[in-house]
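**Q** Following the hints, put chain B in place on chain A, whose structure we already have.
The chain contents come next:
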Amino acid sequence: MTRSPLTLSVAFHLGPVAVTTPVVTTWAIMLLLAGGFWLTTRHLALRPSLAQATLELVVDAIRQQIHDTMRVEPEPFLPLIGTLFLFTFTANWSSLAPGVEPPTAHLETDAALALIVFFAVTYFGIRFRGVRGYLATFAEPTIVMIPLNIVETLTRTFSLVVRLFGNVMSGVFVIGIVLSLLGLLVPVPLMALDLLTGAVQAYIFSVLAMVFIAGALGGHEAQPDEEPEPP
Amino acid sequence: MRFDWTTLLLQTVNLLVLVWLLRRFLFRPVMAIIAARKRAAEALLADAEAARAAARSEAEGVASRRKSLAAEGDHILADAHASAEAERTELLSQARQEAARTQQAAEATLDQERARIRRALEAEARQLAVTIAARLLARLPPQAATAALLDMLDAWLATLPAATLGNLTGTGETLEVATAAPLDEAAQASCVAMLRRRLGDSLRLRFVGDPALIAGVELRGPHARLSNTWRADLDRIAEELAKDEQSLVPCASG
Numbered sequence: 001m002t003r004s005p006l007t008l009s010v011a012f013h014l015g016p017v018a019v020t021t022p023v024v025t026t027w028a029i030m031l032l033l034a035g036g037f038w039l040t041t042r043h044l045a046l047r048p049s050l051a052q053a054t055l056e057l058v059v060d061a062i063r064q065q066i067h068d069t070m071r072v073e074p075e076p077f078l079p080l081i082g083t084l085f086l087f088t089f090t091a092n093w094s095s096l097a098p099g100v101e102p103p104t105a106h107l108e109t110d111a112a113l114a115l116i117v118f119f120a121v122t123y124f125g126i127r128f129r130g131v132r133g134y135l136a137t138f139a140e141p142t143i144v145m146i147p148l149n150i151v152e153t154l155t156r157t158f159s160l161v162v163r164l165f166g167n168v169m170s171g172v173f174v175i176g177i178v179l180s181l182l183g184l185l186v187p188v189p190l191m192a193l194d195l196l197t198g199a200v201q202a203y204i205f206s207v208l209a210m211v212f213i214a215g216a217l218g219g220h221e222a223q224p225d226e227e228p229e230p231p
Numbered sequence: 001m002r003f004d005w006t007t008l009l010l011q012t013v014n015l016l017v018l019v020w021l022l023r024r025f026l027f028r029p030v031m032a033i034i035a036a037r038k039r040a041a042e043a044l045l046a047d048a049e050a051a052r053a054a055a056r057s058e059a060e061g062v063a064s065r066r067k068s069l070a071a072e073g074d075h076i077l078a079d080a081h082a083s084a085e086a087e088r089t090e091l092l093s094q095a096r097q098e099a100a101r102t103q104q105a106a107e108a109t110l111d112q113e114r115a116r117i118r119r120a121l122e123a124e125a126r127q128l129a130v131t132i133a134a135r136l137l138a139r140l141p142p143q144a145a146t147a148a149l150l151d152m153l154d155a156w157l158a159t160l161p162a163a164t165l166g167n168l169t170g171t172g173e174t175l176e177v178a179t180a181a182p183l184d185e186a187a188q189a190s191c192v193a194m195l196r197r198r199l200g201d202s203l204r205l206r207f208v209g210d211p212a213l214i215a216g217v218e219l220r221g222p223h224a225r226l227s228n229t230w231r232a233d234l235d236r237i238a239e240e241l242a243k244d245e246q247s248l249v250p251c252a253s254g
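So the sequence lines, in the order shown, correspond to chains A and B. With our numbering, letter number 150 in the first sequence gets 150, and the count goes up by one each step, no holes. With our numbering, letter number 32 in the second sequence gets 32, and the count goes up by one each step, no holes.
Calculated directly from the structure, the hints in this document are not laboratory data. Predicted model, so just to flag it, every value in this text is computed and none were measured. Just so you know, not all the hints are guaranteed correct.
Straight line, CA to CA, 25 Å or less: simulated SDA-like cross-link-like pairs of lysine to any residue [as the list claims (entries may be wrong)]:
| hint | chain 1 | residue 1 | chain 2 | residue 2 |
| --- | --- | --- | --- | --- |
| 1 | B | K67 | B | H81 |
| 2 | B | K38 | A | V161 |
| 3 | B | K38 | A | L39 |
| 4 | B | K38 | A | D60 |
| 5 | B | K243 | B | L199 |
Chain A is nowhere near these chain B residues, computed Cβ spacing over 10 Å in every case [what the hints assert, rightly or not]:
| hint | residue |
| --- | --- |
| 6 | T6 |
| 7 | L16 |
| 8 | I33 |
| 9 | A48 |
| 10 | L69 |
| 11 | S83 |
| 12 | R88 |
| 13 | Q103 |
| 14 | M152 |
| 15 | L157 |
| 16 | T174 |
| 17 | D210 |
| 18 | I214 |
| 19 | R231 |
| 20 | K243 |
| 21 | D244 |
No residue lacks a Cβ here, since even glycine has one placed at the ideal position from N, Cα and C.
Pulled out of the complex, with its shape left as it was, chain B reads as follows:
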């Protein structure tokens, strides 16, 4: 056995060259690809983590939006309830007002109808009163009725003031004496005597018949008229009743 130094040198060089070759063709590329895979894995993990964070954020956003939508839905529902309640109140108020107006209109119509019926009844009553009065007068003796009529005229004139009587006729003017039934000559003479005693001797008279007066006497001068007839009384009574009715209508409607 001998030691070959040439072989030692060649093997040393060979091994150093092999170190370089394996570093060049094995360790460097393999370590590079391992590092690249590690970086890729880390990038993948980072992407996955980012995606998970994004998904978590998105889920939180969805939950938040869901909550806000629920709150908004509740708010809209509350608004709808409030709006419906306000509209219901408004409709009820309008309905009550409309009912009140309708009731008022109905009451007014009823009052008007009632007044119209009342006026019609009054007119019929007045006509009935005229008829009854005319029939009752027709049953009286004409002289008694005329005498009573003249007495009543005389008493009436006695109650009137002198100024009123003075405005009734002037000098030379004719005073018309109207009665429901024409007076006979005797009654006319008595009437002339009584009126001249009350109104003066220069008084000129003319007698006319007017069945519309029913009963009584009406003095018709050129400037004034004095009426003491049943027709005038009925008209006055009717006017007073009408006034009373007008004064009662607001109270009844109110």
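Isolated chain A (complex conformation):
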């Protein structure tokens, strides 16, 4: 272990802007996902190929998960929730590539994800309930709950950041320590566990985002009563 995973390394400078490694990795992931999906969806047909069938399976599974979790028509939320899951999943699993550090192992990427969820909650709450309707949700069940609801909104966003960052960063940190101490093949089981943790965290992050957005929709839509317990 030559350096701490908590530190950010600058890949290059773009004028006065220092472009860090997680940003470059994210660009690579974006290129991989968008390019791969573009190549696959160029020639969609009613009789699907294996790749098209796989894509349809993934998209339909995400869509069904949104419907089951939020109890609403999933189409308005599918691009956001689907992107959050696919990016988080791909970013968590990017550690499989030699020398690549997952962007989600850095606090800035997780904070960006949580920030997007925070604004998405606000956007969909206002879109479906109006400004007053959305603000009224902070006074539920009684008006004295307003401070607590505001704190809850901020803290649950912060918990998204910390949960994802802690799980992914810890995996990377443990693998780095074991690799530096014991040798080449010993960290393999830990890497497999890290992949499982990454997949579960991607699912958890997406489900929490759905729950928060569904909570903002209020009485207009049926929504889950309570947030699933994170692992």
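**A** Then chain B, alone, in the frame of chain A:
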């Protein structure tokens, strides 16, 4: 550890761009093709349902047509039976009529044949009677026969009315006396005497022989003829028999 706000900003922008990219290149086309497949499947199901409904309708139509064909077949069969029965009845009726006509024709032919045979037999009987009578007369003595003949003539004339006798001959006209065998002079004299007593003294007579008369006398005047001969009797009998036969034929045929 320090928090890099530039990285946060770049990652936020990156993630928003990724949302747009995946919406553009993944979710929208995949959802579109899923919707298109769903529509195609629904159209296919609708077509299949329509085809099944059409097949069911066609099957019902076929069953209905089969029933109607069976009913029509029964109707045609019934008509054929009725037509055959009517034709059979007509043929039987025609056959009965034809048989009746044939029977009537046969009976008529039989009656005609029977009448013809009867007439032939009667003619033969009449000829036989003539022959028998002629032979029986030939066995009688001529004087006795002539005397009997004259007596019979006298008695016959006595039965005739005067007007009939008056129409027999006029003044100065000759009355011809015909007999089967010529009379001798004595018989002629007796006959002249008897006739003048009955018809008048101015009567002129001429005697002739006519074997066709068989027996008896026939008086032949210019205006009338009185016959009391066997030939005339046989002819009269034959006419009466013929009349009786004609009156009996319809009864026999009927």
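**Q** Does each hint fit the structure? Answer for all of them.
**A** Against the structure, the hints come out as follows:
1. K67(B) to H81(B): holds (21 Å)
2. K38(B) to V161(A): violated (39 Å)
3. K38(B) to L39(A): Holds: K38(B) and L39(A) sit about 23 Å apart, inside 25 Å.
4. K38(B) to D60(A): holds (13 Å)
5. K243(B) to L199(B): violated (35 Å)
6. T6: violated (6 Å)
7. L16: The claim is violated: L16(B) sits with its nearest Cβ about 7 Å from chain A, within 10 Å.
8. I33: violated (4 Å)
9. A48: holds (16 Å)
10. L69: holds (45 Å)
11. S83: Per Cβ check, S83(B) is outside 10 Å of chain A; nearest 65 Å; holds.
12. R88: The claim holds: R88(B) sits with its nearest Cβ about 72 Å from chain A, beyond 10 Å.
13. Q103: Q103(B) clear of chain A: closest Cβ-Cβ about 94 Å, beyond 10 Å.
14. M152: holds (144 Å)
15. L157: holds (146 Å)
16. T174: About 147 Å separates T174(B) from the closest Cβ of chain A, which puts it past 10 Å; holds.
17. D210: holds (139 Å)
18. I214: holds (136 Å)
19. R231: holds (133 Å)
20. K243: Fine: 118 Å to the nearest Cβ keeps K243(B) off the interface.
21. D244: Consistent with the label, D244(B) stays out of reach of chain A, its closest Cβ about 118 Å off (over 10 Å).
Going through the hint list in order, the structure does not satisfy hints 2, 5, 6, 7, 8.
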